[in-house]
Amino acid sequence: MSPSVDWAALLPQIFLGGGSLVMLTLGTLVRKRAPWWLPNVLGIGLTLAAFGSVVWQWVRVQDPSRGAFSTIAGTVQIDGFAVFLSGVVVIAALLALVFAPFSIRRAGLPPEEFSVLLLLSAAGGVTLASANDLIVLFLGLEVLSIAAYVLAALDLRRAGSQEAGLKYFVLGAFASAFFLYGAALIYGAAGSTKLDSVAAALAAGAGSNARGMLLAGFALLLVGLFFKVAAVPFHAWTPDVYEGAPSPAVAYMAAGVKAAGFAALLRLFAGTFSASSADWRPAVAVVAVITVLAGSALGVISGDVRRLLAYSSIGHAGFILVGLESAGANGTSASLLYLGVYAFMALGSFAVVMVMGRDASGSQPLAAYDGLARRSPWLALGFTLLLLAQAGLPFTTGFWAKFEVIGAAVQSRTYWLAAVSMLGAVVAAFVYLRLVVRMYLVRPGADGDALASQKSGVGLADDSRSGDEDSDSRPPVAVPRSVGFVVAVCAAVTLFFGVWPAPLLNLAGDATLAVLGG
Amino acid sequence: MALAELIWVVPLAPLVGVAALTLFGRRLGEPRSGQLATAAVGISFAASLVVLGGLLSLDGHERSVVVKLFSWVPIGDFSADLGFLVDPLSVTMILFITGVSALIHVYSIAYMHGDENYPRFFLYLNLFVFSMLLLVLGDNLLVTFLGWEGVGACSYLLISFWYGEEANAVAGKKAFITNRVGDFGFLLAMFFAFGAYGTLSYAGILEGHAANSTATAILLCLMLGAAGKSAQFPLYVWLPDAMAGPTPVSALIHAATMVTSGVYLLVRFSPLLEESSPWLGDVITGVALATAALAATIALAASDIKKVLAYSTISQLGFMFAAVGAGAYTAAIFHMVTHAFFKALLFLAAGSVIHGMGGQQDIRRYGGLARLMPVTTLTFGVGWLAIAGVPPFSGFWSKDEILAGAWGYNKVIWALLLLAALLTALYMSRLMFLTFFGERRWNADEADPHESPRLMTIPLIALAALAATAGVLNLPFSHGVEFLGRWLEPSLGHHSAEPGFGGGTKWVLAAAAIVAAAAGLLAAWAIYLRGRVPPEKIERRVFARAWGYDDAVSNFVGGPGKGLFSALARFDASVVDGAVKQVAALPRRAGGLLRRVQNGLVRRYALALAAGAVALMIYFLVRAGL
Amino acid sequence: MWLNQFLVLSAVLFSIGVYGVLARRNGVLVLMSIELILNAVNINLVAFGSYVQTVVGEVFALFVITVAAAEVGVGLAILLLLYRNRRSVDIHDVDMMKG
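Chains as they are written, first to last, in our numbering: chain S, 4 to 521; chain Y, 41 to 666; chain D, 192 to 290.
It should be emphasised that the hints constitute simulated quantities derived from the structure, not laboratory data.
Treat the hints with caution; some may be incorrect.
[To be verified] Now the in silico label distances, taken between C-beta atoms and shown as ranges:
1) S:Ala207 to D:Leu220: 43 to 49 Å
2) Y:Leu96 to S:Val58: 50 to 56 Å
3) Y:Trp319 to S:Ala281: 34 to 40 Å
4) Y:Ser317 to S:Asp513: 39 to 45 Å
5) D:Tyr274 to Y:Arg66: 56 to 62 Å
6) Y:Asp402 to S:Ala363: 56 to 62 Å
7) Y:Gly665 to D:Tyr274: 46 to 52 Å
8) S:Leu51 to Y:Leu495: 54 to 60 Å
9) Y:Asn157 to S:Ala281: 55 to 61 Å
10) S:Ala363 to Y:Leu495: 28 to 34 Å
11) Y:Arg66 to S:Arg477: 43 to 49 Å
12) S:Pro285 to D:Leu267: 37 to 43 Å
Source: prediction; values computed, not measured.
The C-beta atom is built at its ideal place from N, Cα and C for all residues, glycine as well.
In isolation and in its complexed conformation, chain S is listed as follows (with noise of 0.2 Å):
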């Protein structure tokens, strides 16, 4: 007896994991060498593919009459919230994907291996995104995550890359480990791998035997998604990891595996758990505090642009986990919106970092943009936009996220995380301040940082300026039309979402969590 599938359900799994297989087959089987761009335009096409894919899932899942799904015995769940976040993670992919051939053609990334790597590691997210099993949710979660530490240490000759590769993979080796052993005593406590058989159980109160037991697998499950998720003090290898691997590579992490890991988070702990939610709210809560004020202060340190955006990254981290905190439907959607809008920020920013290139040690210091203004308008705006908004400046989509999250925080009555959240994000402020700064303010050749020189404590006083004022003799940055376009993208949405962003709250609070469907 084999459980019915329903193939249609499975239509984006298919286009990215069954292409990228069939790609990869290809490649091996065809002994004359591709053309450098020819994996690039199918992967965008099985991308695009996999998008329309999910656009037709969100419509069947949001039209009244036949709402959320399971598939698969029950395994596979697609509901507004598996579909929502599917289409994040195939968004940073297929970004991610139009704007690599800079990287490609720069940096000498084998061009077949980017794209079979990126779509397996989206066909991973999806599968994590839509899973409603144990089993299914370890098997996305590894798929996207093996797939990832390839893709770091993919740039095969810079150091960087493999340095980036190694410390990824060894550290996300052991995390999925600790998650496996949770999901390990997770069965056990509650007797089936099913999520909405345990969230049953739990509700039955199955667990209270051996209450020990899972609550352990409760604070194993977070230790392995709390890694993927880049939160405080399971972060440590963000920073490395976004400064060494290829930028496309590191884009598509910053937006597709971080919704995917909080896909799992949100699945797990917001839905199925959500009967024993006075358990782990507290735990959450103390993380998404530390994520929020130490990836904040650690940005404010940083001297390399790419480090800066990784610790950005942490901190938006902790903002989403004070959307889970709150554990329930506003808190959720809120943490989607906010996935949904950093993934933007983040991909467009990533395509800047891209453009500035690297220094002769393979980082990029903060001077790189100094006077970029001048240099190169466009891309200076477009790259302002983009960390205003990470700033959560009103009149951009960060502003939203920042404050659909505090408002679920606040409405759960956790004044003290609202409080420091709010603190936090105020201190983040000055990490994006500073990048716009140098745009706008610094003229290539000064020595300080403008915001964040040490002399001075907080730098207010010296922009120490060294020689002749004109003497800008860097050309303009080169931007591809490709790049440009992504920018362009990611800026357009930034903002006009941001001055309108009515359509977007109702997107992600249509996304809704179907705990228990049938």
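Start from chain S and add chains Y and D according to the hints.
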């Protein structure tokens, strides 16, 4: 009704100006972009007058109209509209904001002449006016917050306008950072209000019911926000530095409009303020007094003409906050309006002086300009008499009302405010005398003082007329002539404190205020004009005397005077400034500590991960009762 | 209570594995320590599966074994890359990026 609904024109006009200047600013070029911006604000002012007429045609209790443009964020149980609240308070605000802005725009057309970024300057100015209007017109905290952030951003942009100049960029950053602290308070208040009342609209919050402690918490957070924006102790540090921007910006943003938005916010919440814990009023007056007194003494020792005016603004904002704390909300708004007139006037006149003196801002390098710049001198003189509190100029009436409110609240506060009023008269007279009278302390080859062009003097004259006569808005003689008080009543509810004393006390209080003003003027005359050394004697002695200004001050105050003033100045520079810096440096320190974990070794990272796992495990096992 | 013995065995294996990841410098040994943790998980899964009388635990364990193989494949490839560059698989030499 119908007329009041035209309110959307008021913010729209400057917004159109912004759009036009963004698109065609560079093509329009020098005078035309300025004229366009001025016209936009002019239309806005005209529309405000129309709205005023519309509101006046309504009965008193109907004078609160909410105009919803569209529902902006409609989500589940949370919804916020882009709506405007048209009531006497907001209309009073938009009238003086658009009026003063229009005059300052006219002035800027000439003042910014020849600047390479001329169109951009007007673009920012229009953007500022738009944001400011949004701030005061919003019918809920969210719209107000957008305006609040917008004015902050414009302030930042305009301070750093000449960003080639280092000080400007640094000052802009300082303003940005201090304002973030205030924004933090505003946001917290917003979330608490939403949590407690389930709505962000003013009507919902002011009519809603919540625990007293919640209301107090919301108001405390709002106060933090207001203190940041309105430069109250200890968050005032950014305002003097903000003077690095162009002078019309100082007049518009850092004197007349933006810095009063904190006062506006607290007055808007006055019904809530009345109902909450009574000690809140003491907190507000306490902070206000500290601000008013501290800033007045620093103004006495400052030598940069714009810095003197900046500290004076801080001090006057302290007066307004004191009025709010004492429950004299009408007086606070009244002083806000008259202050907008005379402080904008003083700044613009100072700009005219700076313009005439070729950029020199040090009052020790001025002197005897009265004959060379007659219009400027005359108009500055009007502003001087108004701020010093000399009847019948406007400042006298509004300050008198604040003092009367303070008398009714607490006599000690009244006494301290009176002292601050005396100091105001003293430092403003010092500024007046050192600038326009006495010997010339400049070389003819350094500067060629001359009267400014017509476009600059006409706004000066208009503002001077307003500063001289705005007292008639609210005369204390009988309830019938308290126009502003009666007009604002619907917005403030019936909470605005009526001084509980007879007419006789009022006259005594007014006399005391006049005596204080006269004492300040006389003291300044004695110090800075009498005993003056003829210019032809020895220039060096003159300079020495001018530079030794705090000797004169200490002679006046007696023995410890000098020590006191320099101690205050040091307090300002080290403690307050330093505290702000320390707070700003905190994340850096924390980051430095955290960075040690980040030593690049996989083992260290794995250890952090395992430690986190152990911590989570311990928490959950304790939770499970094992 | 025959279940407890397996749980204790699994917990001991898990702890040894965690210790190995934290203490070993050699990349290959770190990989093996991670394998140890995964095998601890497998023991758990099979024990639970047999305890609750469903086959899910055993199926889960099979999936874990498969994925672990893939993971080790990738891990060894990365280590090989490292070895080619540095002639060493000591993962604590790798600290170019920090701060």
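Do the hints match the structure? See the list:
1. S:Ala207 to D:Leu220: 43 to 49 Å: Roughly 45 Å apart at Cβ, these two residues keep to the hinted range, so it holds.
2. Y:Leu96 to S:Val58: 50 to 56 Å: holds, 55 Å
3. Y:Trp319 to S:Ala281: 34 to 40 Å: holds, 36 Å
4. Y:Ser317 to S:Asp513: 39 to 45 Å: With a Cβ separation near 43 Å, Ser317 of chain Y and Asp513 of chain S satisfy 39 to 45 Å, so the hint holds.
5. D:Tyr274 to Y:Arg66: 56 to 62 Å: Once the Cβ atoms are compared, 60 Å apart, the range 56 to 62 Å for Arg66 of chain Y and Tyr274 of chain D holds.
6. Y:Asp402 to S:Ala363: 56 to 62 Å: 49 Å Cβ-Cβ, so the 56 to 62 Å window is violated.
7. Y:Gly665 to D:Tyr274: 46 to 52 Å: holds, 49 Å
8. S:Leu51 to Y:Leu495: 54 to 60 Å: holds, 59 Å
9. Y:Asn157 to S:Ala281: 55 to 61 Å: holds, 58 Å
10. S:Ala363 to Y:Leu495: 28 to 34 Å: violated, 56 Å
11. Y:Arg66 to S:Arg477: 43 to 49 Å: Given a distance of about 24 Å, which is not inside 43 to 49 Å, the answer is violated.
12. S:Pro285 to D:Leu267: 37 to 43 Å: At roughly 41 Å between Cβ atoms, Leu267 of chain D and Pro285 of chain S fall inside 37 to 43 Å, so the hint holds.
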